[in-house]
Amino acid sequence: MSGFKVGIIGTGHVGAHVLYSLALQGYADDFVLVDLETNRAKAEAERQDVLDCTEFLPHRVDIRIGSIEDLTDRDVIVNAVGDILALKGTHDRNYELKFNMHALYTYAERLKASGFHGVVVNISNPCDVITWHLSEILGLPDGSVFGTGTGLDTARLRLRLQQQTGLNAKACQAYMLGEHGNAQFAAWSAASFNGQSLAKAAESDPVFRFDKDALEKSAREGGWTTYNGKFCTEYAIALTACRLVHAVAHDEKIIVPVSTNLNGAYGEENVFAGVPAVVGKNGVEKVIELDLDENDKQRLHSCCEDIRANYKRSKEFYL
Numbered sequence: 005m006s007g008f009k010v011g012i013i014g015t016g017h018v019g020a021h022v023l024y025s026l027a028l029q030g031y032a033d034d035f036v037l038v039d040l041e042t043n044r045a046k047a048e049a050e051r052q053d054v055l056d057c058t059e060f061l062p063h064r065v066d067i068r069i070g071s072i073e074d075l076t077d078r079d080v081i082v083n084a085v086g087d088i089l090a091l092k093g094t095h096d097r098n099y100e101l102k103f104n105m106h107a108l109y110t111y112a113e114r115l116k117a118s119g120f121h122g123v124v125v126n127i128s129n130p131c132d133v134i135t136w137h138l139s140e141i142l143g144l145p146d147g148s149v150f151g152t153g154t155g156l157d158t159a160r161l162r163l164r165l166q167q168q169t170g171l172n173a174k175a176c177q178a179y180m181l182g183e184h185g186n187a188q189f190a191a192w193s194a195a196s197f198n199g200q201s202l203a204k205a206a207e208s209d210p211v212f213r214f215d216k217d218a219l220e221k222s223a224r225e226g227g228w229t230t231y232n233g234k235f236c237t238e239y240a241i242a243l244t245a246c247r248l249v250h251a252v253a254h255d256e257k258i259i260v261p262v263s264t265n266l267n268g269a270y271g272e273e274n275v276f277a278g279v280p281a282v283v284g285k286n287g288v289e290k291v292i293e294l295d296l297d298e299n300d301k302q303r304l305h306s307c308c309e310d311i312r313a314n315y316k317r318s319k320e321f322y323l
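Numbering (this note's numbering), first residue to last: 5 to 323.
Keep in mind that the hints were calculated from the coordinates and are not lab data. One or more hints might be untrue.
Straight-line C-alpha distance at most 30 Å; calculated DSSO-like pairs for lysine-lysine [to be verified]:
1) K290 x K316
2) K301 x K257
3) K319 x K301
4) K234 x K221
Let's have the full structure, built from the sequences with the hints guiding it.
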């Protein structure tokens, strides 16, 4: 066994798939699951279901049900707490705020008191606000707590660019920035294809002359297509978190969009938002500043103001 230790808080749709994906791919083999006492039967069921898979895996997996205090020795904790049905009919991730802030109250201070000193990857929505609170409460080194942010939204954008251009998504360097929510946007001024800017590519090839607003809207609202059909999203966001766990476990230094403290980057201070960053064994090790035009800069600043306002509003639910 590798000995890489992961804790998962919340064993709903997403938390369960994080467990399954990490175990299946061998990214980690030592897990502690934590959930509400009223949801313990669900946690036990997920544990048993994944353990029943291990006969077919080339590696061992150890999974335990525990409490917040049992997360002390974890290398990474994935926070997947949420009430996904709160989004039904709203198309606004902020509707999860009340439930997730109340939940945060029940475990964040306990996690700090336990002496945990690893890395936290937050999925819970609104992602930027919950990540910000977790970072403040836990008081870990800067970058140790970060969120999935616009990582999945960026993947959706690149998939749509692949469908538009015929190029593999990995050849498309384009990012969704800002809030993981309705204010996020595609930073077209920094988009490139195999090193060639979008503007330059469009001069010679009509496949790059597309409706940017429509493509951005499709990427921004992509999650709702999934949600409207089954009232949850699970596979893609779980794999987004797993990719980040792998980056920490192997000190990859990958550049990927996450929700992190800008701390002066892009002219912003003391706000968590989705931007490209270097992720390695210590979590977020460096924020990457894209060369944005004035329109994209203004859109990012507007996103940050929205996140600040939501953060301020969220404090009334922390009890």
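Now the hints, each set against the structure:
Annotation: proposed proximity of K290 to K316 holds, straight-line Cα distance about 26 Å (limit 30 Å). The hinted pair formed by K301 and K257 meets the criterion: a straight-line CA distance of about 26 Å does not exceed 30 Å. A C-alpha spacing of about 28 Å is found between K319 and K301, which places the hinted pair at or below 30 Å, so the restraint holds. Annotation: proposed proximity of K234 to K221 holds, straight-line Cα distance about 21 Å (limit 30 Å).
Every hint from the earlier list agrees with this structure, and none is contradicted.
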